[in-house]
Amino acid sequence: MNAMNFQVNLNGMIDLLSNHLYSDNSVFVRELLQNAVDAITARKKRGHIFEPQVTVELHAAHTAAFHDNGCGLTEPEIRDFLSRIGSTSKKEELDAGDDFIGQFGVGLLSCFIVCNEIVLVTRSSNEGAPALEWRGRPDGTYTIRELATSIPIGTSIYIRAKEDYEHYFDYDQMDELLRRYGSFLDTPIVLEGPWGPTRINAVLPPWRIGRREALEYGEREYYNKPLDAIPLRSAIGEAEGVAYILPYAVSLQEEKRHRVYMKQMMISEKNNRILPAWAFFVNAIVNVNGLKPTASRESFQENDLFFAVQHELGESIKRHLIDLSERDPELFATIIRIHYASIKTLAIEDEEIYRLFMPYLSFETVSGRMEMREIIQTLSDREREDGYGMQVYVTTTLDEFRQVARVAKAQNMMVLNGGYVHDFELIRKLTDIWEDVALDVLDVLDFSSRFKPLRPLDALQAAPLLAMADRVLKPFQCESSIRWFQPAEVPVLYNTNDEINFLKMAEKTKREGNELFADVVQAISEELYDVPYARLCFNYNNPLVQKAIEAEDPELRRTCIELFYTQALLMGNYPMSQEELRLMNDSLLVFMERGLDGVDGGGI
Amino acid sequence: MRSRFNGLRSQVWELPNGKQKMSVMEEAIRVADEHLTPSDAYEARMSYSNMAVDSGYPERLLVSFSWCLAEFDRSPGEHSAHMIMWHYKWVLGKVWQLSQIGTGEIERIFADFKERCLKLGYSLRPYYQQLVNYNLAKGELVEAQRCYKEWKTAKRDHFSDCSACEQNLYGRYYFDLNQNKRGMRLLKPILEGKIRCRSVPQTTYVSMIEPLLKMGQFEQAKETAKKAIRSLEGAAYLTEFGLMLEYYALADMPKAVKLIERTLPFGLECRMPWTRLQYFVSVRLFLQQWHSLGRRRKLAIPAHVTSEWVEQEIARLAEAFDRRNGNSYCRTLAASKERQMIKLKAAYAAWNKR
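Protein sequence lines, in the order shown, are assigned to chains A and B.
So for the first sequence, my numbering puts the first residue at 217; every next one is plus one.
So for the second sequence, my numbering puts the first residue at 12; every next one is plus one.
So that you can see chain B by itself, here it is in the shape it has in the complex (with noise of 0.2 Å):
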């Protein structure tokens, strides 16, 4: 059996990140679990939960994290905490975007690691990062502008992101509030390359592109989406595929279809319903400017795909988030978004025509 694990291992290497690499080294886990030690299933599934994020299945970062969390309780010393609450790091950031998660339970898991950061020694500015992105996900500005200064005061330690991680998430603060010129100019820092890491600049470059073209600059808009998109692979970015597709559908019809025909499966194969919800307003906005232009070519989608069932499915997920939240933060966000996009076309199209 250990020699069958190791293959299993061995074989996931090979894989690029996607469905099939999470179902090996799910046998993997399911070897480790029946026939190993805990200590193999529980190193397994910590880098099954690294595969997850990268590959697009957030939720079962939760699952396995889960069962890592409580075997990192039963057998003490054995494990890293370090690793672990950097993994409960990712945890908090996707916890609140399962809409049948109630608040209560969503705070007592925040309550649970701010005390475990706590007793570990550790600062609580991942903490109240986390709060900030939770809350700003409600539309709680208020309390979202709370946990920004607590953020920003607590001291950074090991256990804090990067620092481009955080400028990059600052200047994403900013743009949320829709205040954009502040915003880039938070940012400046990661473009003009004196910060970076793994991930950063390249999902910066995405969340540019709207408050650019909200402030005008359109040229800006079209080079940062030119670097944006070749930065993008997979179904792990499908939010940014969404904010993508906006922008062409503005800007460039025939990319716009390219990367609808590219990332509708992911979209449907996607099962975590914030992110659902984020890609099909974006699809939602890409159909009706489609649909305006009365194009005769047929998209090459599937057939059940039409704008009302996107309609349905867009009902559906933001009235869950709703009731969870209490409030009608999500039932507004596709009509608002709706009316900036004609405001965007109205202004892209004048210059344009220049």
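If we strip away everything but chain A, and leave its shape as in the complex, we get (with noise of 0.2 Å):
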């Protein structure tokens, strides 16, 4: 049997290329610095004592040149490396201390992206070696030829853009994207333009300046004055970078967009994983040697030692702002005020943060919006006063804070909202720091029953109310109840908890769902969830309720309370069915209908 070689497709392979692994069809320029970078980190490996420079220009009909005084390539190299797919010269050294960017042997093929044919002229650094020019296509043929010119060593590539792709070769492009991509290299890299040579490189990264300096790049090239440049370092893995306080707040779901280098060159713009998840207030740019790059080479291999660097940044992050409570309270103040939703998933992370932060930031009481520090000093002035004990009380959503907030101010009682993206947790937690806080989670539907009952002659006079009302309510899920309670201009107190409308869907489920699940619809319903009833609870101490419960009209009685419920339901903005519409409507109707018998019989 003989064996045989597959054929690849060089023309799909590129396809493959621009189309899937780069995400971006400049990486060309990124792939040629790199060639050019690496052949200089071999050339200076071999003891040469040269001025290491890569030049490129621009030529007539959109033709680039990217010239290098590296290492250069002889005939065999030249095979092995530019002609085999997938091999490369950088291999046996990676293992050795790995000083190259590229790994991975398919660099020069990204070219074929934007070019159909390269010209590569090169002479080695070895002694004696020839002046060599290769040929290659993309539709896999090459030639080989030796020249009879002498040229200096290193390594020149030819490229002229094929249609379509023209743009990349303008000069204002080309300065743009070596910026991009080169800004950081230590090699000199110089653009020859129409205006003679500009070194595009001559700038220090962030991470190599002063904080002053650090800010001053980070509002260049953020177009916003940054809140502060944190010096990000991680010796796993060795990385290194600034991270930036963004001047604004953030969504939870933005993408982050980190600046990352891999050896000083940047690699991606859009990297959201190189900082921990919870740092979206901040804007990197971190250069990392030490990691493994994915093939696409714009991110890394998510091994342990990725999630090690990744941890080691975020730390400097987390020591840069403990260490900024004591140094400057004002920035750290803004800094609160602006990502206090970040600072909040990140004090949930973090036990150490959780106790910095947890005094400053800000939660919605009954009485407003306050520092937890602030409700603690309510407390304990409370406390002193009173000796009520320093109880605090959260609801688990939005919805249960708002029917009880009003009502809770009146009696005094520190009820604070826990319905807020991660504030339960948060509160939850208190006890950790403030260990004479009583915290309990707030049973809206036993909410009422804290309050005074009636006295058992008053309870006897507003039975038929609640008995009336128990039979109007109850096709609407809901229970009845009286007591006395401040503020007395409050009728009603209408409690539901968040798991009502869910119910609700249960309901309509078992009318209009399929019949094979009537089963599990009820199973669900009935035993996994107890049926909570809403409760109504009417004001003894409000003077309304004590005319619907003297009226002895049974009519008008049972329109009090169908407007006190529909009425309830539109303050607490819940969503009526046409059913409770209905009953509004009707009863407002009723309501009109007496007051204007009401006119006429006085006889104006």
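Quick caveat, the hints were computed from the structure, so don't treat them as lab data.
One thing to keep in mind: the hints can contain errors.
As the list claims (entries may be wrong) - Dumping the calculated DMTMM-like pairs for lysine to aspartate or glutamate here, alpha-carbon to alpha-carbon at most 25 Å:
{"hint": "1", "chain 1": "A", "residue 1": "726", "chain 2": "B", "residue 2": "126"}
{"hint": "2", "chain 1": "B", "residue 1": "309", "chain 2": "B", "residue 2": "324"}
{"hint": "3", "chain 1": "A", "residue 1": "508", "chain 2": "B", "residue 2": "234"}
{"hint": "4", "chain 1": "B", "residue 1": "309", "chain 2": "A", "residue 2": "567"}
{"hint": "5", "chain 1": "B", "residue 1": "30", "chain 2": "B", "residue 2": "54"}
{"hint": "6", "chain 1": "B", "residue 1": "269", "chain 2": "A", "residue 2": "531"}
{"hint": "7", "chain 1": "B", "residue 1": "205", "chain 2": "A", "residue 2": "520"}
{"hint": "8", "chain 1": "A", "residue 1": "441", "chain 2": "A", "residue 2": "408"}
{"hint": "9", "chain 1": "A", "residue 1": "261", "chain 2": "A", "residue 2": "402"}
{"hint": "10", "chain 1": "B", "residue 1": "125", "chain 2": "A", "residue 2": "728"}
{"hint": "11", "chain 1": "A", "residue 1": "625", "chain 2": "A", "residue 2": "651"}
{"hint": "12", "chain 1": "B", "residue 1": "266", "chain 2": "A", "residue 2": "648"}
{"hint": "13", "chain 1": "B", "residue 1": "233", "chain 2": "A", "residue 2": "333"}
{"hint": "14", "chain 1": "B", "residue 1": "105", "chain 2": "B", "residue 2": "65"}
{"hint": "15", "chain 1": "B", "residue 1": "269", "chain 2": "A", "residue 2": "743"}
{"hint": "16", "chain 1": "B", "residue 1": "30", "chain 2": "A", "residue 2": "580"}
{"hint": "17", "chain 1": "B", "residue 1": "30", "chain 2": "B", "residue 2": "324"}
{"hint": "18", "chain 1": "B", "residue 1": "238", "chain 2": "A", "residue 2": "471"}
{"hint": "19", "chain 1": "A", "residue 1": "724", "chain 2": "B", "residue 2": "116"}
{"hint": "20", "chain 1": "B", "residue 1": "30", "chain 2": "A", "residue 2": "518"}
{"hint": "21", "chain 1": "B", "residue 1": "100", "chain 2": "A", "residue 2": "544"}
{"hint": "22", "chain 1": "B", "residue 1": "160", "chain 2": "B", "residue 2": "126"}
{"hint": "23", "chain 1": "B", "residue 1": "105", "chain 2": "A", "residue 2": "743"}
{"hint": "24", "chain 1": "B", "residue 1": "237", "chain 2": "A", "residue 2": "518"}
{"hint": "25", "chain 1": "B", "residue 1": "205", "chain 2": "A", "residue 2": "231"}
{"hint": "26", "chain 1": "A", "residue 1": "726", "chain 2": "B", "residue 2": "322"}
{"hint": "27", "chain 1": "B", "residue 1": "309", "chain 2": "A", "residue 2": "652"}
{"hint": "28", "chain 1": "B", "residue 1": "237", "chain 2": "A", "residue 2": "528"}
{"hint": "29", "chain 1": "B", "residue 1": "233", "chain 2": "A", "residue 2": "520"}
Join these two chains into a complex; the hints should help.
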């Protein structure tokens, strides 16, 4: 049997690279810069003394030339590394201790995304090596010939734009691309332009300059003055960089765009993994030397080392914030004000951060938004005054909070809204810091039962109203009760828990769902969830309620109940069913009629 | 009302998975039910079903799905058959997790699913796949094996789970049969990164830990646990958190303590009897290890969650399942896991001393 070779369709592979592997067709600039820089590194390793430089020239007919004075290539090297896809000159050295950026041997292929022929002219730094010319085409064919002329040691690559890719070869565009990828490379990179040579990487990266310069750099890059620049460092994976604290709030869902360099070469402008997910209030610029890139070299392989680096960089941010709270309390407060959502996420994940930030985080209370330290202060003042104890209640949802806020305030209760993202979890851990605080999750359905019950005589008087209310409200899954509470102007307290809408959905499903699932729905709504009726608690302290109790006409009493109920729904912004809307309309009409009759009767 | 509906739906976008998100969506559904078109109510429920699965409220999926299925039948041609059938697949994976539902009904639901597949020209591959899970959960190994064969021979089509998910399940199937080497072999393409999807390999790692321990591959188990814990977030992974808890109870007590303090609120909140049973069986193993160490520190968990309470909870749930299934499989589950734990603990201690 003959062993045969697979035929690889190079055109197909190039299509794959351009459409699937790389996110941007301009990566050929990165690949060419990288080959040039690696060649220079290799020549330095051979002990040569020279002035390393990469020069890029733009010629007529949209042709670009990348020159480097690196180690050059011999004919066997050309055959091995340039003409065989997937092999690389950098493999052996890689294991040794790698200073090279590339490693897959597919980099040069990316040039075929923008051109139809690559011409490479090279002379190896080996003594007496000849000048060679290699021409490669995307159909997989190539030629090598020796040149008679003498050229300096190094490599020049010439590419001419194919149709539709000319724009990459304009001066301005090339200048921008070189700066984007190569700004922080150590090797000098020069672009020859119509007005002479320009050094494109004269600036120092932000992690090698002072805080003030780093902030200025950030402002230029992001068109916004960052609140602060945090130095990032991880000895593991050799990572360093700067995290800029954004001057505006960002949404949790927003995709992060950290700019990541590998060995000073820009590999991605929208990396969202190099920092922990909680760090969404910063934009980072990070250089990493010790992580393995993925094939596209636009991100890193996510192994243990990667997560260790991610963790370390996160620690840098944490330490900085802790330090800042003492060094610059004003800036610290500003950061909290703008990024409280992010800081809350962080505080849940990390105990140290929790202790540090919790006093300054603000929460919604029945008396408005307050910082936690104010809340604690208020509690201990009250404790001193009346010995109530440091009791805090938290609701699980915003809706529950709204139901009780007004009445709870009148009772001087400290109720916090746990309905916003993370607030509940944060509040639940309060006692970790303030041991004297007693914390309870408020059961809203049970809320009204904490008020004073009526005296037996009053209760007797109110009984007919309650009995009728239970009858009227039963179809709406609502029970009624009566108590005396403050404030007097609130006639009823309507409470439902957050499962009520789900249970109403289950009710509807019982009527309109697929029959096969009837028992399933029944079991869920009746056994897994205890059916919680909503509660309507009449306030005996309210004059209108008093009048409704005293009303002798059952029709009038009924109408009052219907209006109290539907008003409570309206005030609480609850979606009303058609039946509830009808109830409200009917009862309003009854009142109008009675009112108008009254006017008639008055004989005006 | 339309704008209120849209407002609620965009609010949902901003919220992380969880209770708050569910209740905002429930309000949106209620608005749609009362004031908008059945089509709005349908679409809202379909996204709600997704959220219910991702947020760890599978029972709520069953409720929203039941209405959608009826609405789908009421308005032929109005909604995508593929989508509703895809949700039906999830439903088949959940419906037997309610001990309150009798086997007769479960079988009728399976039969309805099968009939719909045949009518729509879909392969029965997912049908058999779900039957395997159902039978394994009942401890009916012979029937599970029969269905497994049917599953593997039915043809793949657009309605089948993706190949990464299926490969993952093949592996787990053999783990359930305690054929761990074979299971590991089947997971190899996933571990080598040849196939992956939205949920694989994340859930693969967790399922490998116990088999690795059983095979004495403690170092690999440790590496796998590291990867596994990173990929678990939120109440939807309660069973997986339980498995991690078992591992840490054996290998890293401080981490186990952190994990139980973090996940017990999910466990107490969970209403699905099967998931609850699985999780509390794990909690029981943890508590046994914790007490055997005679630690002084108090666990930061609600006071009513004592060993006795956990025992009662497990007994109550297991009995309900066994009554339904007509066997004693679930009642022996906790004890057999305990025996397993004792064995593993000795082996692990010996390895750790090396």
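These are the hints, each one checked on the structure:
A threshold of 25 Å between alpha carbons decides the hint, and for residue 726(A) with residue 126(B) the separation of about 23 Å falls inside it, so the pair holds. Of the supplied pair hints, the one linking residue 309(B) and residue 324(B) holds, its CA atoms being roughly 21 Å apart against a limit of 25 Å. Our distance criterion of 25 Å between C-alpha atoms is met by residue 508(A) and residue 234(B), whose separation comes to about 19 Å. Note on residue 309(B) and residue 567(A): the hinted pairing holds, with a Cα-Cα distance of about 18 Å set against a maximum of 25 Å.
For the hint linking residue 30(B) to residue 54(B), the alpha-carbon distance of about 20 Å falls within 25 Å, and the restraint holds. This hinted pair checks out: residue 269(B) and residue 531(A) have alpha carbons roughly 20 Å apart, not beyond 25 Å. As the CA atoms of residue 205(B) and residue 520(A) are separated by approximately 19 Å, the hinted pair is consistent with the 25 Å bound. A distance of roughly 33 Å separates the Cα atoms of residue 441(A) and residue 408(A); the hinted pair therefore is violated under the 25 Å criterion.
As the CA atoms of residue 261(A) and residue 402(A) are separated by approximately 15 Å, the hinted pair is consistent with the 25 Å bound. Straight-line distance between C-alpha atoms of residue 125(B) and residue 728(A) comes to about 23 Å, which keeps the hinted pair within the 25 Å bound. With a C-alpha separation of about 24 Å, the suggested pair residue 625(A) and residue 651(A) falls inside the 25 Å cut-off, and the hint holds. In summary, the hint linking residue 266(B) to residue 648(A) is supported, as the alpha carbons are separated by about 19 Å, within the 25 Å threshold.
With a C-alpha separation of about 51 Å, the suggested pairing of residue 233(B) with residue 333(A) is violated against the 25 Å cut-off. With a CA separation close to 13 Å, the supplied pair residue 105(B) and residue 65(B) stays within the 25 Å bound. Taking the CA atoms of residue 269(B) and residue 743(A), the gap is about 32 Å. The hint is violated against a cut of 25 Å. Taking the CA atoms of residue 30(B) and residue 580(A), the gap is about 19 Å. The hint holds against a cut of 25 Å.
Taken as a hint, the residue 30(B) and residue 324(B) pair is honoured in the structure, with Cα atoms around 23 Å apart against an allowance of 25 Å. Annotation: proposed proximity of residue 238(B) to residue 471(A) holds, straight-line Cα distance about 23 Å (limit 25 Å). At most 25 Å may separate the alpha-carbon atoms for a hinted pair to count; residue 724(A) and residue 116(B) meet this at roughly 21 Å. With a C-alpha separation of about 31 Å, the suggested pair residue 30(B) and residue 518(A) falls outside the 25 Å cut-off, and the hint is violated.
Taking the CA atoms of residue 100(B) and residue 544(A), the gap is near 57 Å; set against the 25 Å cutoff, the hint is violated. For the suggested pair residue 160(B) and residue 126(B), the alpha carbons sit about 20 Å apart, so the restraint of at most 25 Å is met. A C-alpha spacing of about 16 Å is found between residue 105(B) and residue 743(A), which places the hinted pair at or below 25 Å, so the restraint holds. A hinted pair counts as satisfied when its Cα atoms are at most 25 Å apart, and residue 237(B) with residue 518(A) qualifies at roughly 12 Å.
This hinted pair checks out: residue 205(B) and residue 231(A) have alpha carbons roughly 21 Å apart, not beyond 25 Å. Distance hint between residue 726(A) and residue 322(B) is unfulfilled; the C-alpha atoms sit about 34 Å from each other, more than 25 Å. Using a Cα cut-off of 25 Å, the hinted pair residue 309(B) and residue 652(A) holds, with the two alpha carbons roughly 18 Å apart. In summary, the hint linking residue 237(B) to residue 528(A) is supported, as the alpha carbons are separated by about 17 Å, within the 25 Å threshold.
Proximity of residue 233(B) to residue 520(A) is assessed by CA-CA distance (about 12 Å); at most 25 Å being required, the pair is judged to hold.
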